[in-house]
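Trainee: The residues making up each chain are set out below.
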Amino acid sequence: MGLHALMLHKLTIHELRAQLESGEVTAHAAAEAIFGRIGDIDSKVKAYLPWKDFDGVIAQAHAIDEAGIPRSDKLLGGVPIAIKDVINVEGDYCTCGSKILSGRTGSAHDGYHSIYDATVIKKLREAGAVIHARTNMDEFAMGSSTENSSWDVTRNPWDLERIPGGSSGGSAAAVAADEAIAALGSDTGGSIRQPASLCGCVGFKPTYGRVSRYGLVAFASSLDQIGPFTKDVEDCALMLQVLSGHDPCDSTSVPEPVPDYTQSLGKGVEGLRLGMPKEYFIDGMDREVDAAVHAAIKKLESLGAEIVEISLPHTDYAVAVYYLIATAEASANLARFDGVRYGARVAGEDVIDMYGKTRGAGFGPEVKRRILLGTYALSAGYYDAYYLRAQKVRTLIRQDFEKAFEKCDAVVTPTSPEVAFKIGEKVDDPLKMYLSDIFTISVNLAGICGVSIPCGFTSSPKLPIGLQILGKSFGEETVLRVAHAYEQATEWHKEKPNL
Amino acid sequence: MSEDIGKIDVSYVAHLARMHLTEAEKEKISAQLKDILAYVAKLNELDVSNVQPTAHATPLSNIFRKDEVRPSIDQTKILANAPEEARGLFIVPKIVE
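Residue numbers (my numbering), protein chains in the order written: chain A, 12 to 510; chain B, 334 to 430.
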């Protein structure tokens, strides 16, 4: 391995693709470089799960090299991509951060192994990518800090005593720390955008129905979307290009044609109207976050955008709506983990006892809390008061965005009211933890798309701040256009943590 | 709804959810759920009498395919993760007395 290999992990997809296409570098070398970087620092960051199939990944990379794929024009030819442990990869384990899908000894090795590839994995393979190792997450995607993982708490690469955000904390930390060229995550209430903001990388939640959910272990079926974590907006456009598209295996995927997302790059923001919702700039927000986001919006204005004040009047109800709808849907989706067909079974006197003991032993406290809340919200006598009412307020939230998008082309907000907090700071206060998602949650309820990109740092300690850009349904192109223009006029995306 | 806040019968709901909780868990979760339910009660501030519920964020409905037989997943694979299986069946404790 020459000097090149030592630096490969620092590259973006587009930079690595140039070297792969020219033959300077092989898929094998790139995959090894990622394992090398993981070996160097992951004992500190814990972005990845402890069970890695080195031989399998390297064999995959060799096969891709032998087939001449890196030198082809395939969008991700030879590029290693890390996968959040909630997406099925045939033959690989899939724990979803939970003991219930691990084996009797609590290891993934004798736990559930996927029997099919998720559609997004098929698409990555078709684009020539190497499916690399699996990243840590909050159990069943429920959390905002990755502290709910049954395995370990991923650390924020900018300050190892702090959380990376969640639920896709592992993927965000890996990309931020150059332990991954790019990674997949999932977003139900902000689980891609919030960790991207807290770790200082780019995280995109596509429009609901843009990317297939087939093979994504479901948390809340009307809210979940898979999306990419990348080091810059160009890479994000490439990933969206590969991941997007109608899938007959997912009846909620929309038959909307996929445009060429790379055409959105370099277009500038001249003449675009950017909406600033007054409800997202509130007291109680971190002063430096407020200042950085305001400065970012001023920057966009200087680049030619028109800033328009808008209102999203039902913002304040979004967290309440989400924690009824998402938990209700989760209570149904997680009913399948019953010890019958897969996962760790705990023996019982009869079937009901088996279910009770299996689920009692297998689920962590946050998952239990949400299943109970969701079950209650759907139960006889309470359905109308809680679940149905929440679905109606969801309509009001959706309409807020529809009205806003008549006045502007994209909406700009902070991604999170705060920067990365310390490990343990919010574990005992679930409600406080839920309020971390206040700026991201409405987006999933409305089904629209959004990205978080770096827009600054707090002074001491130095922690990343994220700018969130939202687009209407299937408005990914405008979001990418605004994000790219801002990124290219600033240097935030070039800053790396000291690891 | 207001008189029901905090009266969530955790034992009953845990039974509906087929999930065993220890007494300590029940107590802790009960207190946390009480706080959460008090918070979500703010949805009562809104007049939703003329609002249709959104079950779904997309404009799709009733996605069907032709009723044609297609290959599914191989039975061996489906049974591969079974805690207990025999002769193509998932084995479970007796369901019916």
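I should point out that these hints are in silico values taken from the structure, not numbers from a laboratory.
Where hints are given, some of them may not hold.
Simulated DEER-style distance windows between Cβ atoms [stated by the list, open to error]:
| id | chain 1 | residue 1 | chain 2 | residue 2 | range |
| --- | --- | --- | --- | --- | --- |
| 1 | A | Gly79 | B | His389 | 42 to 48 angstroms |
| 2 | B | Ala374 | A | Gly50 | 48 to 54 angstroms |
| 3 | A | Glu35 | B | Ala419 | 52 to 58 angstroms |
Here the structure is a predicted model, which means the values were calculated and not measured.
Ideal Cβ positions, reconstructed from N, Cα and C, are used throughout, including at glycine.
Trainee: Taking the hints in turn, state whether each one holds.
Mentor: Results for each hint:
1. Checking the proposed 42 to 48 angstroms range against Gly79/A and His389/B shows it holds: the Cβ atoms sit about 44 angstroms from each other.
2. At roughly 51 angstroms, the beta carbons of Ala374/B and Gly50/A sit within the given window of 48 to 54 angstroms.
3. The hinted range of 52 to 58 angstroms is satisfied by Glu35/A and Ala419/B, whose Cβ atoms lie roughly 55 angstroms apart.
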